[in-house]
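Just so you know, the sequences run in chain order A and B. Residues 47 to 228 (my numbering) make up the first sequence, in order. Residues 32 to 171 (my numbering) make up the second sequence, in order.
Only pairs whose alpha carbons sit at most 20 Å apart, straight line, appear in this in silico DMTMM-like list of lysine to aspartate or glutamate:
hint : chain 1 : residue 1 : chain 2 : residue 2
1    : A       : LYS197    : A       : ASP170
2    : B       : LYS111    : A       : ASP220
3    : B       : LYS71     : A       : ASP119
4    : B       : LYS63     : A       : GLU90
5    : A       : LYS184    : A       : ASP224
6    : A       : LYS169    : A       : GLU216
7    : A       : LYS72     : A       : GLU106
8    : A       : LYS169    : A       : GLU215
9    : A       : LYS169    : B       : ASP96
10   : A       : LYS88     : A       : ASP119
11   : A       : LYS173    : A       : ASP218
12   : A       : LYS193    : A       : ASP146
13   : B       : LYS112    : A       : ASP224
14   : B       : LYS168    : B       : GLU109
15   : B       : LYS63     : A       : ASP115
16   : A       : LYS134    : B       : GLU87
17   : B       : LYS63     : A       : ASP119
18   : A       : LYS228    : B       : ASP123
19   : B       : LYS111    : A       : ASP224
20   : A       : LYS72     : B       : ASP123
21   : A       : LYS199    : A       : GLU215
22   : B       : LYS145    : B       : GLU109
23   : A       : LYS187    : B       : GLU109
24   : B       : LYS112    : A       : GLU90
25   : A       : LYS197    : A       : GLU131
26   : B       : LYS63     : A       : GLU127
27   : A       : LYS212    : A       : ASP115
28   : B       : LYS69     : A       : ASP119
29   : A       : LYS88     : A       : GLU127
30   : B       : LYS63     : A       : GLU122
31   : B       : LYS112    : A       : ASP115
32   : A       : LYS134    : B       : ASP96
33   : B       : LYS168    : A       : ASP115
34   : A       : LYS169    : B       : ASP88
35   : A       : LYS184    : B       : GLU109
36   : B       : LYS111    : A       : GLU90
37   : A       : LYS199    : A       : ASP174
38   : B       : LYS112    : A       : ASP220
39   : B       : LYS139    : B       : ASP67
In case anyone wonders, no lab produced these hints; they're calculated from the structure.
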Amino acid sequence: MTHKITLTVILTFMLLNIKAQQYMTKTGTVKFFSHTPLEDIKAENRKVVSVLDSKTGAMEFFMLMKGFDFANDLMEQHFNESYAESSKFPKAGFSGKITDISKVDFTKDGTYKADYTGKLTLKDVTKDISGTATFVVKGGKITATSKLKIKPKDYNFVIPATSVTKIAEEIDVDIIMDYTKK
Amino acid sequence: MSKRIKIWIAIGLIMPIGLICLNMFYFDPSHKDPLDSKDKIYISAPVLFALYSLHEDSANRLYLDSVISVTGIVQAIEMKKRRYTVTLSSGDSNGAVICEMDTLENNKIKNITKGRNINLVGFCNGILIDVQLDRCKLAK
Numbered sequence: 047m048t049h050k051i052t053l054t055v056i057l058t059f060m061l062l063n064i065k066a067q068q069y070m071t072k073t074g075t076v077k078f079f080s081h082t083p084l085e086d087i088k089a090e091n092r093k094v095v096s097v098l099d100s101k102t103g104a105m106e107f108f109m110l111m112k113g114f115d116f117a118n119d120l121m122e123q124h125f126n127e128s129y130a131e132s133s134k135f136p137k138a139g140f141s142g143k144i145t146d147i148s149k150v151d152f153t154k155d156g157t158y159k160a161d162y163t164g165k166l167t168l169k170d171v172t173k174d175i176s177g178t179a180t181f182v183v184k185g186g187k188i189t190a191t192s193k194l195k196i197k198p199k200d201y202n203f204v205i206p207a208t209s210v211t212k213i214a215e216e217i218d219v220d221i222i223m224d225y226t227k228k
Numbered sequence: 032m033s034k035r036i037k038i039w040i041a042i043g044l045i046m047p048i049g050l051i052c053l054n055m056f057y058f059d060p061s062h063k064d065p066l067d068s069k070d071k072i073y074i075s076a077p078v079l080f081a082l083y084s085l086h087e088d089s090a091n092r093l094y095l096d097s098v099i100s101v102t103g104i105v106q107a108i109e110m111k112k113r114r115y116t117v118t119l120s121s122g123d124s125n126g127a128v129i130c131e132m133d134t135l136e137n138n139k140i141k142n143i144t145k146g147r148n149i150n151l152v153g154f155c156n157g158i159l160i161d162v163q164l165d166r167c168k169l170a171k
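With these hints in hand, go ahead and build the complete structure from the sequences.
The following block contains the structure:
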C-alpha cells in the first residue's frame with residue numbers, strides 16, 4: 047500500500063516537473079521472454095509511461111502489470127493471478143540515471159550507448175539494477191532501448207511446483223521507449 | 032487384422048482429434064472478444080477518468096478487468112507497429128482514457144478522425160496517468 051502511494055506520488059511529480067529538456071512517452075514498450083525446453087512465454091506492455099531528462103540523465107518508467115499482453119487469455123490469467131498478483135501489486139516501475147551522460151548528445155542526430163543504474167520495483171520489491179542503453183536521436187525524437195535479465199524469484203514471483211520447469215530462472219526483458227519532447 | 036491392431040489404429044485416430052479439441056477448448060490461443068460480453072459497463076471517458084482520479088482503489092473494484100463500453104471525443108490517434116492507440120479526452124488536462132486497439136480494427140480506425148465522438152469497447156487495466164483499456168474494438 048505504501049509503495050502504491052509512493053508510485054502515485056512519483057508519477058504526479060513526474061508530470062508536474064516536465065521541463066524543456068525532458069522527453070516523455072505514454073506508449074513505451076516493455077517485453078519479457080522466458081525460454082525453457084518445455085515452453086516459451088512472451089508478453090509485452092505497450093502502454094508504459096516514461097520520462098527522460100536529457101540534461102541530468104534521469105530516467106523513469108512505470109507500467110500497469112495488467113497491461114501485459116500474452117498470446118492467450120489462459121497465460122495472462124496465470125500471470126496476473128498466480129505469479130504477478132497484479133491486483134495486489136498493480137504497478138511496477140524503474141527510477142534511475144544515465145551514469146555517463148557525456149557520452150550522449152541529445153541535440154545531435156546519432157546513435158549513442160551509455161550505462162545506467164537505478165532501482166526496479168516489482169511486486170513491492172525494489173532491487174538495484176544496471177545496464178547499457180542505446181539512444182537513437184533523430185529529428186528531435188529519442189528512441190532508447192535496453193536489455194535486462196531478471197530473476198523472478200528476486201521479486202517474490204512464486205512459481206508453483208507444477209510450473210517450475212516451464213518458467214525460466216532468468217527472464218529476458220526488452221525496454222523500448224520512443225520519446226518526444228514535452 | 033487382429034482385434035488388438037484395430038484398437039491401436041482406433042486410438043491412433045481418436046487421440047489426435049482429442050488433442051485438437053482439447054487445444055481448441057482449453058488452450059484456446061485467442062482472446063475473449065469484448066463485444067461478446069454481456070456484462071459491459073457503459074460509461075463516458077470524462078466520468079471514467081474522474082472516478083479513477085478521485086479514488087483509484089474504488090474505481091479498480093468497479094472497473095478493473097471489466098469490459099468497458101466507453102464513449103468520448105478522440106483527442107489523439109497513434110499508430111505504432113501496425114497497432115492503433117486511441118486517446119479519448121477526459122476534459123481534464125491531467126489525463127485521458129487511452130485505448131489500445133485490437134489490430135483487427137485497423138481498417139475501421141483509419142476512418143476515425145480527431146474530435147469525433149466515438150464508442151469503444153475494451154478491457155480495463157487501471158490507471159497510471161491515463162486510464163488504460165486494451166483489446167479495444169469499435170462498438171457496433
